[in-house]
Amino acid sequence: MQLMECDAKTLLSRYAMASPAGSVATTLEETEAAAARLGPNPLFVKAQIRAGARMAAGGIRNVRSPAEAKAAAAALLGRRLATAQTRPEGATVASVLIEQAVPAHRELYLAVSIDETSATVLITLGEGGEDVEPLLREQPDRFIRLQSSVGGERQPGEIAALCQSAGLASDEAAGLQRMILALHRAFVELDASLIEINPLLLTGEGKWIAADVKMVLDDNAAFRHPDLVPLGLDTEADQAELRAQRHRINFVRMDGDIGTVVNGAGLGLATLDMIQAAGGSPANFMDIRTTASSLDIAQGVNLVLDNPRAKVMLLNVFGGGMQPCDTIVEGLGIAYRRSQRRLPIVLRVTGNNEDIARLRLANFNLPVTQCSDMWQAVTRAVAVARG
Amino acid sequence: MLRHVAGGDTRCRGSPRVNAMTVLLDANTRLLCQGMTGWAGTYHTNRMIQYGTNVVAGVTPGKGGRRHIDVPVFDSVAEAVEATGANASAIFVPPDRAARAMIEAIEAELPLIVAVTERVPILDMIRVREALATSRTRLVGPNSQGVLAPGLCQIGVMATDRARPGSIGVASRSASLTSEVISQLTSAGLGQSVTIGIGGDPIHGMGFVDCLELFLADPQTEAIVLIGEIGGTEEQQAAAYLRSVRAAKPLIALVVGAHAPVRRRMGHAGALIQDARAEVASKVQALREAGVIIAPSAHLVGATVREAVARRAA
Numbered sequence: 074m075q076l077m078e079c080d081a082k083t084l085l086s087r088y089a090m091a092s093p094a095g096s097v098a099t100t101l102e103e104t105e106a107a108a109a110r111l112g113p114n115p116l117f118v119k120a121q122i123r124a125g126a127r128m129a130a131g132g133i134r135n136v137r138s139p140a141e142a143k144a145a146a147a148a149l150l151g152r153r154l155a156t157a158q159t160r161p162e163g164a165t166v167a168s169v170l171i172e173q174a175v176p177a178h179r180e181l182y183l184a185v186s187i188d189e190t191s192a193t194v195l196i197t198l199g200e201g202g203e204d205v206e207p208l209l210r211e212q213p214d215r216f217i218r219l220q221s222s223v224g225g226e227r228q229p230g231e232i233a234a235l236c237q238s239a240g241l242a243s244d245e246a247a248g249l250q251r252m253i254l255a256l257h258r259a260f261v262e263l264d265a266s267l268i269e270i271n272p273l274l275l276t277g278e279g280k281w282i283a284a285d286v287k288m289v290l291d292d293n294a295a296f297r298h299p300d301l302v303p304l305g306l307d308t309e310a311d312q313a314e315l316r317a318q319r320h321r322i323n324f325v326r327m328d329g330d331i332g333t334v335v336n337g338a339g340l341g342l343a344t345l346d347m348i349q350a351a352g353g354s355p356a357n358f359m360d361i362r363t364t365a366s367s368l369d370i371a372q373g374v375n376l377v378l379d380n381p382r383a384k385v386m387l388l389n390v391f392g393g394g395m396q397p398c399d400t401i402v403e404g405l406g407i408a409y410r411r412s413q414r415r416l417p418i419v420l421r422v423t424g425n426n427e428d429i430a431r432l433r434l435a436n437f438n439l440p441v442t443q444c445s446d447m448w449q450a451v452t453r454a455v456a457v458a459r460g
Numbered sequence: 022m023l024r025h026v027a028g029g030d031t032r033c034r035g036s037p038r039v040n041a042m043t044v045l046l047d048a049n050t051r052l053l054c055q056g057m058t059g060w061a062g063t064y065h066t067n068r069m070i071q072y073g074t075n076v077v078a079g080v081t082p083g084k085g086g087r088r089h090i091d092v093p094v095f096d097s098v099a100e101a102v103e104a105t106g107a108n109a110s111a112i113f114v115p116p117d118r119a120a121r122a123m124i125e126a127i128e129a130e131l132p133l134i135v136a137v138t139e140r141v142p143i144l145d146m147i148r149v150r151e152a153l154a155t156s157r158t159r160l161v162g163p164n165s166q167g168v169l170a171p172g173l174c175q176i177g178v179m180a181t182d183r184a185r186p187g188s189i190g191v192a193s194r195s196a197s198l199t200s201e202v203i204s205q206l207t208s209a210g211l212g213q214s215v216t217i218g219i220g221g222d223p224i225h226g227m228g229f230v231d232c233l234e235l236f237l238a239d240p241q242t243e244a245i246v247l248i249g250e251i252g253g254t255e256e257q258q259a260a261a262y263l264r265s266v267r268a269a270k271p272l273i274a275l276v277v278g279a280h281a282p283v284r285r286r287m288g289h290a291g292a293l294i295q296d297a298r299a300e301v302a303s304k305v306q307a308l309r310e311a312g313v314i315i316a317p318s319a320h321l322v323g324a325t326v327r328e329a330v331a332r333r334a335a
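For the protein sequence lines, the chains are A and B, in the order given.
When we follow the numbering used here, the leftmost residue of the first sequence carries the number 74, and every step to the right adds one.
When we follow the numbering used here, the leftmost residue of the second sequence carries the number 22, and every step to the right adds one.
One chain only, chain A, in its complex shape:
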């Protein structure tokens, strides 16, 4: 889960990492008052959403007076901001961060992330600025990287060398080294998967200041951080997807007309590929996790039934050791009993308890066409969708 910049900065302040003087506002009046307090120097008014690339989308405004700050907030608050990293429709701006613009001698890029291939914590340091993303991709040599352990045992020496190679005065390098060690500690203690500071500013007084922070925390570690979970709640996330998650189902809405009900992520992806290959278009991705009960599965089936664009429901199920076929057919039956809609079903169930599943299916009296293999089922579903 990604946090808003203001929350990320609050968390980093616990690790003695400084950010520009600033204040969060949710109304025009609060914005104006904060700007009056923080002025008269130039300020930024920054839209707080859980996504990056805000500058290019007009989500960060440079202002010189409380009146300008108010006007900037009026253009942002309550509106949708679409950036390269949001959903196409954008994210609603519920608050803005008003911050002092800090004159800088130097702007760096500093990130701690996970390097999956080497299974290490990766520290990346380079020149900062707005257009760093393409540089990271296309000119990786312009960044210094350090693979580190979780405990950071070998680190201080290596980080000192890293800071010296950045071409800084010795006291500046020492400050940067403290900053990196603190950031590494924050990364591990918060169970982050990314903390990116860009730009990291060096002031005339030799202080390091995090001007913008992007922080992504590991959802799988949420049980260790109940206090942080509310910070990551995306109130605009697709309600159907959230509902599916609560029922141990991974569900993603797509724009086609063939609803899919599949157990397992790999089989779910393969089903999407086969639908496309057969000339059809999926209405959703579904991966019923092995721990889902028949009542959970019924919720997933209902999500497909509730989609008015779906013209057919394709069930592609391979019953495994943890989740036999009859559990899934049971969920299908329950969902159709709850719904008025008789959406035609094309079904392929095979594997553990498939015989029991067929008996259950006969009892439910569903509008179902059974197929013996998955390609036959896919082509049949595509034909039904075409009408």
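Since the hints were made in silico from the structure, they are not lab data.
Be aware that a few hints might be false.
Said to hold, decoys possible - Derived, one-sided and incomplete: chain A residues facing chain B with beta-carbon distance under 7 Å: (1) E189; (2) S266; (3) F296; (4) L340; (5) G424; (6) N426.
As the list claims (entries may be wrong) - If you want the footprint, here are the derived chain A segments under chain B, 3+ residues with CB under 8 Å: (7) 80-92; (8) 190-201; (9) 211-218; (10) 388-402; (11) 444-450.
Where a beta carbon is used, it is the ideal one built from N, C-alpha and C, also for glycine.
With the hints as your guide, set chain B onto chain A.
Frame of chain A, contents of chain B only:
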């Protein structure tokens, strides 16, 4: 030392495979289960025993000294190994304690660990990999369906009813798709030597390269199937490895996810991607250039393998 469970499916016992050596598992595999006394642990330990796996111990801290489903329970892995000579572990411990369980098994120097647990925090997996780096343990998973040598031994949660002993080695990132592929292989008259689920998480133990090394060295394995997907670099690493060795066995791969919705997490934490089509295309190209035959669709894996094996025999 097979243990009998009333009403169990014992059809695989006494198959001709019982004394054979295979990849990762053999007739001397003595399994302990960490988290055996929980619901999932109990259910799957029973299934494994029914399949013929020699389960010698369970480990649940605080429950040592009891017997559970007629298997002795110990407080720690070290005690269980000392008392029973266990040489492999299956982990069914919940995600908040799974890494600790893996590290305990690594420190007890078990040669093989299979971790079934889903949703282990990613920093915990880096800690586990740090512990693995200085050990000789092989870790399969986490978020793995397990390892299956048909007719001999099963560690994990795989569907076993379609699997048959044979000569095809299968390494996979996806449990559900593995069941499908095994079914297709068996229908095509092709049994399997061993199936390894490397797990769907971005940081895991054994990868495709480790599986390829074992399968290429295994005399029983005559052809190898890799089941890949979007996300991560397992397929690219496999391709680079295969370019560096002269693989004398037919290699077949399936890579799914070309039509996944972009910028979304697709169930497997490993599969988070920006441009699915381009990514699958680059994985497929790397594998092709390394001499791997690509199955054109998920429903054609069995047929593709059969054709490749027949061509090699001709």
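> Looking back at the numbered hints, which does the structure fail to meet, lowest number first?
Replying inline: 6, 7, 9
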